[in-house]
Amino acid sequence: MPASPTPWGDRLLPRHPVTRDIARQLYERVAGAPIISPHGHVPARLLADDEPFTDPASLFVSADHYVTRQLHASGVRLDALSVAHGADPREVWRTLAGHAHVLAGTASAFWLRDELASVFGIEDELTPGNADEVFDRISALLRQPDYRPRSLLRRFGIRVLATTDDPLDPLAAHRVLADSTTLTERVLPTLRADAYIDPAAANFPLNAEKLLSAVGAAATFGGYLGALKDRRAYFIERGAFSVDVGVTDPATAELTAAEAESLFQHALAGTLSPAQQRLFRAHMLLQLAAMSVEDGLVLTIHAGVYRNHSASTLDQFGPDTGHDIPVSTGFTRELKPLLDRFGLEPNLHLILFTVDETAYSRELAPLAGFYPTVYIGAPWWFLDAPDAILRWRSAITETAGFYRTSGFIDDTRALLSIPARHDVSRRTDAAFLARYVAAGRMPLAMAERIISDLVDAIPAAAFKL
Amino acid sequence: MPASPTPWGDRLLPRHPVTRDIARQLYERVAGAPIISPHGHVPARLLADDEPFTDPASLFVSADHYVTRQLHASGVRLDALSVAHGADPREVWRTLAGHAHVLAGTASAFWLRDELASVFGIEDELTPGNADEVFDRISALLRQPDYRPRSLLRRFGIRVLATTDDPLDPLAAHRVLADSTTLTERVLPTLRADAYIDPAAANFPLNAEKLLSAVGAAATFGGYLGALKDRRAYFIERGAFSVDVGVTDPATAELTAAEAESLFQHALAGTLSPAQQRLFRAHMLLQLAAMSVEDGLVLTIHAGVYRNHSASTLDQFGPDTGHDIPVSTGFTRELKPLLDRFGLEPNLHLILFTVDETAYSRELAPLAGFYPTVYIGAPWWFLDAPDAILRWRSAITETAGFYRTSGFIDDTRALLSIPARHDVSRRTDAAFLARYVAAGRMPLAMAERIISDLVDAIPAAAFKL
Amino acid sequence: MPASPTPWGDRLLPRHPVTRDIARQLYERVAGAPIISPHGHVPARLLADDEPFTDPASLFVSADHYVTRQLHASGVRLDALSVAHGADPREVWRTLAGHAHVLAGTASAFWLRDELASVFGIEDELTPGNADEVFDRISALLRQPDYRPRSLLRRFGIRVLATTDDPLDPLAAHRVLADSTTLTERVLPTLRADAYIDPAAANFPLNAEKLLSAVGAAATFGGYLGALKDRRAYFIERGAFSVDVGVTDPATAELTAAEAESLFQHALAGTLSPAQQRLFRAHMLLQLAAMSVEDGLVLTIHAGVYRNHSASTLDQFGPDTGHDIPVSTGFTRELKPLLDRFGLEPNLHLILFTVDETAYSRELAPLAGFYPTVYIGAPWWFLDAPDAILRWRSAITETAGFYRTSGFIDDTRALLSIPARHDVSRRTDAAFLARYVAAGRMPLAMAERIISDLVDAIPAAAFKL
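Residue numbers (the working numbering), protein chains in the order written: chain A, 1189 to 1653; chain B, 1189 to 1653; chain C, 1189 to 1653.
Mixed in with the good hints, there may be bad ones.
[Said to hold, decoys possible] Covered stretches of chain B, as calculated for chain C (at least 3 residues, CB under 8 Å):
#1 1527-1533
#2 1555-1563
[As the list claims (entries may be wrong)] Chain C side only, calculated, beta carbon under 7 Å to chain B, not exhaustive:
#3 Gly-1510
#4 Phe-1570
#5 Ala-1576
No lab work stands behind these hints, which were simulated from the structure alone. Beta carbons: idealized from backbone N, C-alpha and C, even for Gly.
Can you build the whole structure from these sequences, using the hints too?
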């Protein structure tokens, strides 16, 4: 038996020769297609400054909480993985190489392998034996101009890259990028509304006051909505096409003006009960949809995550350090107030992301299979991985087809992982479609249309690009 | 690579040659077997009148909310798909042909392809280019006597067809069919109890009053139960073998006579709180089981659907227009009161349907793997599709085997889709069994017994046919 | 087509030749490896006494509620399956043989086939035709010394076998086994805490009083915790390495000393409300973790089962008679109080078992992918079967890899089924890994390391062996 039974070029494609041939043929149609990344977390500043990456450890470990959380689970302290906390980059890199078995089988391991090969030309598996040599090779390359962020953006073929930004962000980095005479790729802001709709979020009163004062609005609920609209307009002027919000559950509610005003004043005062906080947030989510009906911004909802689960880790290392843990999530009852108001509005696009797979066939596909406003978000966070993507397609396609989905979303802070992530999606979609073609469930010509639309027409339609 | 890698005759069968051979051999044992359809929604009137179908659009689009919901989700207005609302049939048909990519991969697309080929001899994919020609060919055939409902019933080999009927329906159409000297197929009524057990249903007081007056019963809870028993007896005389009920959740409860009486009077007056409505419904569900213990009617429960989710669509187009959306559903706690009373009663058959896949391995298979009264309903509604059926078999078989299931249920209003739906079930079951045989998990002879029992002995046992 | 398309030796391995070759090669590395069974229910007394098994029916049917529940679901009365209730062993055996179709496809059928072949050399399928002959052959073998429990333990290669024991058990049988000069296998106790942490459990006040008096502790909450610690120390002296607890839901909570004392006194008096019972249990679960941080015992949690669902069956036949039915289970919110206190403690190992598959990718893998204390328990109870094991691996691996799992757990009372169960796990893991290797997702050398670690280093690490 060969040591490597599958050529790297055929990775993730199905084994049966007929199915593999179909999958390969489909994949090749989109393998080199430009990347549309309509939602993610690469900082605009990274591209505006265009400074070289400092070292392999910062790039592949410290800045990637997908990786650090797994090493942490294996007993490595988080500060020992953080160059910012004083860890030595070479030691961090050796730690990574010594934990290949821990990462084996995870999405992170697969992306890492792809990034080393595709971006740095390193075909060997990373091992303790070659860790230092690989570290040095990457370090040398990172000093080359070709490995600066903007060069990589171009090399990766990323045509549209959306960032995620605070509503009060002046978007100065985006301005630098828009004014660039050499950058043809579009780097566009996304307004992230979380901190301004959830009274249970840290510092809500402070955030709300800042928002009100930023636009000189009166401290009334009407003034608050006006301030949000004002910031949305500011973002739209700078190219934004969507508003994103993360909520523990996607409850929506419609309050009377008096109720909303009263809750808002208590929210400013920090005197809401948990149930009232939830109700206010639910009303705000409905208000965001109302604003989208007006100004056309796509509304993306990331629901069902208990953020910063480990209190002591949050205290010591801050948010986004690998312990956002999903919870059971429903949409059918939760979104009914919103959908009764706006579910048939042509101007609203609502893209729903979940980390609870049970909602795929039970709620998301049926909702998106009726409401023209509802799109099924691509597999998110822990579910952005080959098996999970195939489960997602299997769960939604028979009810909602392919055209009610968002297209692939990388949702990443890690610029270097963007091509690897999109490639996984393209390969698994090719494998999925090939299975349908091979089972006589779809003509090949239709699969060819769909595989192309999935990387272009489908995200363009969902995100109004 | 061939454009059509799988002969249409091998559709849905597995790819590996050994497994495919086994699957094909199993499938051929049942491919032409008669169809038992013990639960569905074809109107008895359609067969009693035996009028020709009017046109292809009414047949394949307007009357099929599986199709209209998907076109609606793509932005087509529902009235533009409804011949009854004045839409031109040929235009509706062209709309269908123009949305093949939207339907691609869904169960509806697969059934449509099968129906066109098997019923009308149209082998080509429907496209905008051939839409008019196909429309004309089907229209011409529909005028032939062979394409009238009763002829199709015979041609399809449907031996038993259950309809779904209001308890107060006089069953006149069933009488016409029973009295027919030429119709040998049995078309039998099913009593649908929803509107008479749930005080939250539209017009419950009115419905209850009608039921009471229909049998001249006193307006007491005892009188009400008696009236229901009376109608069950009426249905049994006309060949009914089951009672069906749809509930948002399958809660059951046992009340004292005084509690039940009090809730009933408030239900008649329309003065129950939501919690009391749920409690009364839970008690009624237990009462339905009690009646089944007495009269032997199989009790089928379709649980966990939020009916008519879009309020404005309900207002404009009525119920059953494609926006019944599932919610998370439990059975273990919910059914305990009922099962503690009747779970071991030999005369009770309780068939449980869900649209929440999570209940398969967690609750349904364990319950049916212990209680002789409990049967696992076939995949229902959105889950009646090839991948979903395989997920269902995988989730339940290792715990409950094959003999605790209902047999396939088409649950459809669309007479023409019945053979296609049963064929999908037979093919996927053959594929599933072939996988077990090929993995050494089951002798071939056992798989041969099971594939035959699945279309005959198993539904006959579950539904007491 | 051959009647038996797969040699028995290749059972459960994948079909495609390349993938099968890899899987076979991986499987062969561990096919004969010693068995570590760190959690199960074989009675220590069985091995201490080492008496011959009495008859095939008691061995394979009466004592195995996996089998009896399925026969019961098919309409066989439980007492007709129970030799202890006077059923004739030969008749029970004939009943089993007559229900092969009922069991077909279930895990029990597969284990039975393997046990008959591997332990008794019976290669034929059990049928009504050969039932008597097989009964006689097994009966004859059971009288041989080689078929006594200790001989089988050795023949099976079981190096470590953990039992499950009441905290007040004097562990006399374990002492006999430890003192044996011929038994080299380790049979070690596990403290099962359920009855002493849940005031809703039958006889809690009585159990608590017994525990207090067993160690002469004062009837205070502090005294109670001290008594538990005392018994843990007793178990540790006798080789215990873990404490097990089964809970309907894994809620945890931290109370003040005064609150805990008050709830404890009411628990002793039997005067807690259901909500207070749950709160006390939640606090006790957190206290068990606190004790594990001190004394190092691994804490295993089996969550989400409604025990003894059928009240009348419980009355007549007692617990563990096949009607423990799962319910929806969450961990993220439930364990937060515990994990905020102890989630980063190096001395705590917390192994989480569930029968709700939805928690795999949603909660267990994300928790185990961050907290070094959290391990994902192997598929439990209904989910200990080939398809279910593959679903489990698929759901967890992309997020948490292989090294955050417990290793395989047979969790069985049936000594004879232990090798069959571990073999299924080894085969399905080989199949899973082979799929990843064949898809280019993992080097073969890594898969070779992992398949070996899964039967040795991984359970040894999780259970601190």
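Do the hints match the structure? See the list:
Counting residues of the segment 1527-1533 of chain B whose beta-carbon sits less than 8 Å from any beta-carbon of chain C gives 4, enough to reach three: the coverage restraint holds. Under the rule that three or more residues need a Cβ within less than 8 Å of chain C, the assignment of the segment 1555-1563 of chain B holds, with 7 such residues. A distance limit of 7 Å between C-beta atoms decides the matter here; for Gly-1510 (chain C) the minimum to chain B is near 5 Å, and the interface restraint holds. Taking 7 Å as the C-beta contact cut-off toward chain B, the hint placing Phe-1570 (chain C) at the interface holds, the least distance being around 5 Å.
Taken as an interface hint, Ala-1576 (chain C) checks out: its beta carbon lies about 6 Å from the nearest beta carbon of chain B, inside 7 Å.
Against the hints set out earlier in the document, no violation occurs for any number.
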